[in-house]
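Q: Chains as they are written, first to last, in the working numbering: chain D, 1 to 138; chain P, 1001 to 1325; chain F, 2001 to 2338.
Quick caveat, the hints were computed from the structure, so don't treat them as lab data. A portion of the hints provided could be inaccurate.
Mimicking BS3-like on lysine-lysine, the simulated pairs with C-alpha atoms at most 30 Å apart in a straight line are [as the list claims (entries may be wrong)]:
1) P:K1204 x F:K2029
2) F:K2121 x P:K1122
3) F:K2121 x F:K2076
4) P:K1011 x F:K2072
5) F:K2008 x F:K2206
6) F:K2204 x P:K1125
7) P:K1186 x P:K1122
8) P:K1204 x F:K2045
9) F:K2260 x D:K128
10) P:K1150 x F:K2206
11) P:K1121 x F:K2260
12) P:K1295 x P:K1186
13) P:K1005 x F:K2233
14) F:K2198 x P:K1125
15) F:K2029 x P:K1125
16) P:K1121 x F:K2076
17) F:K2073 x P:K1121
18) P:K1125 x F:K2217
19) D:K91 x P:K1204
20) D:K121 x P:K1204
21) F:K2073 x D:K37
22) F:K2029 x P:K1122
23) P:K1122 x F:K2204
24) P:K1150 x F:K2208
25) D:K91 x P:K1011
26) P:K1122 x F:K2208
27) D:K126 x P:K1292
28) D:K37 x F:K2208
29) D:K128 x D:K115
30) F:K2029 x P:K1292
Small disclaimer: the values here were computed from a predicted structure and weren't measured.
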Amino acid sequence: MLKKTDPEIVAFLCNWCSYAGADLAGTSHFHYPPNVKVIRVMCTGRMNPLLTLSAFRHGADGVLISGCHPGECHYMEGNYLARRRIALFRKLLGFVGINPERLRMSWVSASEGNKFSRVIKEMTEKIKQLGPLGLEEE
Amino acid sequence: MDNEKLIAEAKTVLLRGDIVGIIGYQKDSQGFRVSPLFVRDERDIEKLFFSPLCWLSLVNYLTLEKGRLLQKGNPGKKAKVALMVRGCDSKALNQIIIERGLSRDEVYVFGIPCNGVIDLKKIEKMFPDVQGSAQVSENNGFYHVRCNGKSHEVPKEELIADSCKHCVSPNPILYDVLLYTPIVVKQPDYRDIEEIDNMSIAEKWEFWREQFSMCVRCYACRNACPLCYCDDCILERLSPQWIYRSVNMSENLIFHLARSFHHAGRCAGCGECERVCPVNLPLMLLNRKLEKDSKELFHYTVGEKAEQKPLLATFNPQDPDDFIF
Amino acid sequence: MNCFILSKNNLNDFLAALDSYELFVPIRKNGITVLAHIDDPLAIKLDLTSQPYLVKQTIFPQTESLFTFDRKKGIKAPSFETNHKSQVVFGIRSCDARGFCIIDPVFEEDYPDPYYIHKRKSTILIGLQCIEPFTNCFCTSVGGSPSSTEGLDLQFTDIGESYFVEVITQKGEEIIKVTAPFLSCPDKNQSVKKDEVKKDAEQKVKRKIDVNQLSQKIEQIFEDSVWSDLAEKCISCGICTFFCPTCYCFDIQDEIIRGKGKRLRTWDSCMYSEYTAHASGYNPRPTRMERLRNRIYHKFKQNIDRYGVSGCVGCGRCITLCPSNEDIVENIETLQRL
């Protein structure tokens, strides 16, 4: 049972690469912290930055968006568009006082189960350091 | 700025027959106020004017009510409208044309190189209790204010609107006729953005928390913005509901972040959002932060070229990725 | 009527003595004056010269939770008997107080609204006589005045070194009991000065509208094209309705986050196109013309028909704040000229 002091991370994983990679991490028994809640999207290119704000609003302390490596996107360009969007949005978050480290991206392919578990471990550590965001209590 | 050329052009335009009307500025009979004027026949032409008091964007009226203005008198068919357009307005208009919200042949543009306009709240504070109409003209870094039978010289910095202080596009980027001489372009200045960027995370949060707790969610910023013309606005959608209707710090934060991010790579810098806000929120700070980052990260400037691909619909394989695991 | 004198030096002490109440005073924030809840009246700097905004928030808040619900614990309604302390709202103008009187019947008749009624009963309104009416005021044309005490429990009049305090109601008397150490009795000169200030203020109201036969006129010219001309500038933003002391429209929404929710009442505006949008897609007020016409109709005809009094208090805030300079005074003038 997660205590309130444990960080909650929402991970938006693209269906073709990162979700499969996370699946592989599971079947290969690569451990990663239970703080993450996974939401499958077809492509990181569909990630509206407002979805990340929505996640924060509903209690997430960190958001991860994970997709295919550049050049390998199932829809050709989705991950490139997401990269640009999220790069810009993070800066805006930092500008209003939400630590941009709470919003990260990763490139995890379908065979990188190990990488997925590393990414979640690192992200959870970082969010633990930053503490709860508390946006849903305002 | 004399109005002769403006009025002469307006007369010519109305005689053309294919233009249903002119949207311009008129001086109100009270104080320093300026209103939009919708000229449909010659009788109203003489009221058209331009002066440093014209802090108002007319481009908004083209897209209000799904562009009904353009259909007047020609039901079902798009008619043509002339309008007075300052430098920033032209960027907004250009952006709408790029996005196919309007087509170029629906507008006849009176281009106005603009050296900055006056913040109404500042001038009303400086000169309260004005009887009758007041006039302002500009000369050499000073505003010449005539009210209550007296004249005053005021340095520009004291009255100019904050959004005009950072203007780098005083000259319209598209026009059919240019009404005044082009103005020398200034270099961009983002020191005020950097000042906030340099504050600590906690300080920034406190600053914006103070501001957003004042917001009453009147939606004036959204309604006044020339680039907010979506039929189905995400800010008021109920299904799915992105933003709850309760007015508190976190919903207000999401409202303004959502709105300003929707203008990333589009914002014309006209400052209408700041002008209309009844509680004086510094909304242009968010827009200019995105403008600054768009320049630095993606070398993108709104209105650099009349034909330009939208910022977020394009990408570069070399885009920054330091935040990616 | 009981009268007292409060020296200006003692104003903050007077307010501090009201520590058994929730206190709202006008302060300057972001370039405007709002009624803010304060804990320490001794340390606060009041703004008593500018026109205060959003006074109605103190009794009719923008966002109000009607009840909360939880998947596990069920529904929890607010308990009115033990809900909150009474509140004192200090430094409002006569138009604001009249505004409350005008919206009272909306919430009290037909379907009594317990949320509004409870707040209204437990709020004490202390008014500040307008010495210099503001640029767009026209209260004297619509049944009001800068000296009106309608709806107030106490009225303060600035007579130079001190305030002349008039007790209007029983609620006002209770305030006097708590703050008695700082009050003294007025002498004849002070009383005369107070009357002068009041009379002066009424003369100073600059703008006027002609309400003679106005509601009949509005009905007659309902289909006239003049309404399109009036509404052409409007950008449908809603500022006028939010800052109007007599606007009361609201929306009710449920908000649920992770199994816990509340039913909220929030302000709505008849100027929004969404206001009359039907589920079928049809909208009886699709353009700004219909909405502006409806607003003027409501204030200057329907309110009179229904409640016998004009729905407008003549405070002029809609004129001051309108981004397109829609001016109700000019608009009424145009209508009357037809």
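Q: For each hint, tell me whether it holds in the structure or not.
A: Going down the list of hints, with the structure as the test:
Pair hint K1204 (chain P) plus K2029 (chain F) holds up; C-alpha atoms about 18 Å apart against a cutoff of 30 Å. A hinted pair counts as satisfied when its Cα atoms are at most 30 Å apart, and K2121 (chain F) with K1122 (chain P) does not qualify at roughly 40 Å. At most 30 Å may separate the alpha-carbon atoms for a hinted pair to count; K2121 (chain F) and K2076 (chain F) meet this at roughly 23 Å. Taken as a hint, the K1011 (chain P) and K2072 (chain F) pair is broken in the structure, with Cα atoms around 72 Å apart against an allowance of 30 Å.
Between K2008 (chain F) and K2206 (chain F) the alpha-carbon distance is near 28 Å, which keeps this suggested pair within the 30 Å criterion. Our distance criterion of 30 Å between C-alpha atoms is met by K2204 (chain F) and K1125 (chain P), whose separation comes to about 20 Å. Pair hint K1186 (chain P) plus K1122 (chain P) holds up; C-alpha atoms about 23 Å apart against a cutoff of 30 Å. With a C-alpha separation of about 25 Å, the suggested pair K1204 (chain P) and K2045 (chain F) falls inside the 30 Å cut-off, and the hint holds.
As the CA atoms of K2260 (chain F) and K128 (chain D) are separated by approximately 25 Å, the hinted pair is consistent with the 30 Å bound. Distance check on the hinted pair: K1150 (chain P) and K2206 (chain F) sit about 21 Å apart at the alpha-carbon level, within 30 Å; holds. At roughly 43 Å between alpha-carbon atoms, K1121 (chain P) and K2260 (chain F) are farther apart than 30 Å, so this suggested pair is violated. At roughly 16 Å between alpha-carbon atoms, K1295 (chain P) and K1186 (chain P) fall within 30 Å of each other, so this suggested pair holds.
Annotation: proposed proximity of K1005 (chain P) to K2233 (chain F) holds, straight-line Cα distance about 25 Å (limit 30 Å). Pair hint K2198 (chain F) plus K1125 (chain P) holds up; C-alpha atoms about 26 Å apart against a cutoff of 30 Å. Taken as a hint, the K2029 (chain F) and K1125 (chain P) pair is honoured in the structure, with Cα atoms around 16 Å apart against an allowance of 30 Å. Proposed proximity of K1121 (chain P) and K2076 (chain F) is contradicted: the alpha carbons are some 46 Å apart, above 30 Å.
Between K2073 (chain F) and K1121 (chain P) the alpha-carbon distance is near 51 Å, which puts this suggested pair outside the 30 Å criterion. Only pairs whose Cα atoms come within 30 Å are accepted, and K1125 (chain P) paired with K2217 (chain F) is rejected, the gap being roughly 38 Å. At most 30 Å may separate the alpha-carbon atoms for a hinted pair to count; K91 (chain D) and K1204 (chain P) meet this at roughly 13 Å. In summary, the hint linking K121 (chain D) to K1204 (chain P) is supported, as the alpha carbons are separated by about 29 Å, within the 30 Å threshold.
A hinted pair counts as satisfied when its Cα atoms are at most 30 Å apart, and K2073 (chain F) with K37 (chain D) qualifies at roughly 25 Å. Only pairs whose Cα atoms come within 30 Å are accepted, and K2029 (chain F) paired with K1122 (chain P) is accepted, the gap being roughly 16 Å. The suggested pairing of K1122 (chain P) with K2204 (chain F) holds, with an alpha-carbon distance near 24 Å, which does not exceed 30 Å. Using a Cα cut-off of 30 Å, the hinted pair K1150 (chain P) and K2208 (chain F) holds, with the two alpha carbons roughly 27 Å apart.
For the hint pairing K91 (chain D) with K1011 (chain P), the CA-to-CA distance comes to about 49 Å; that exceeds 30 Å, so the pair is violated. The hinted pair formed by K1122 (chain P) and K2208 (chain F) meets the criterion: a straight-line CA distance of about 26 Å does not exceed 30 Å. Annotation: proposed proximity of K126 (chain D) to K1292 (chain P) holds, straight-line Cα distance about 28 Å (limit 30 Å). A hinted pair counts as satisfied when its Cα atoms are at most 30 Å apart, and K37 (chain D) with K2208 (chain F) does not qualify at roughly 63 Å.
Taking the CA atoms of K128 (chain D) and K115 (chain D), the gap is near 20 Å; set against the 30 Å cutoff, the hint holds. As the CA atoms of K2029 (chain F) and K1292 (chain P) are separated by approximately 29 Å, the hinted pair is consistent with the 30 Å bound.
The earlier numbered hints that this structure contradicts are 2, 4, 11, 16, 17, 18, 25, 28.
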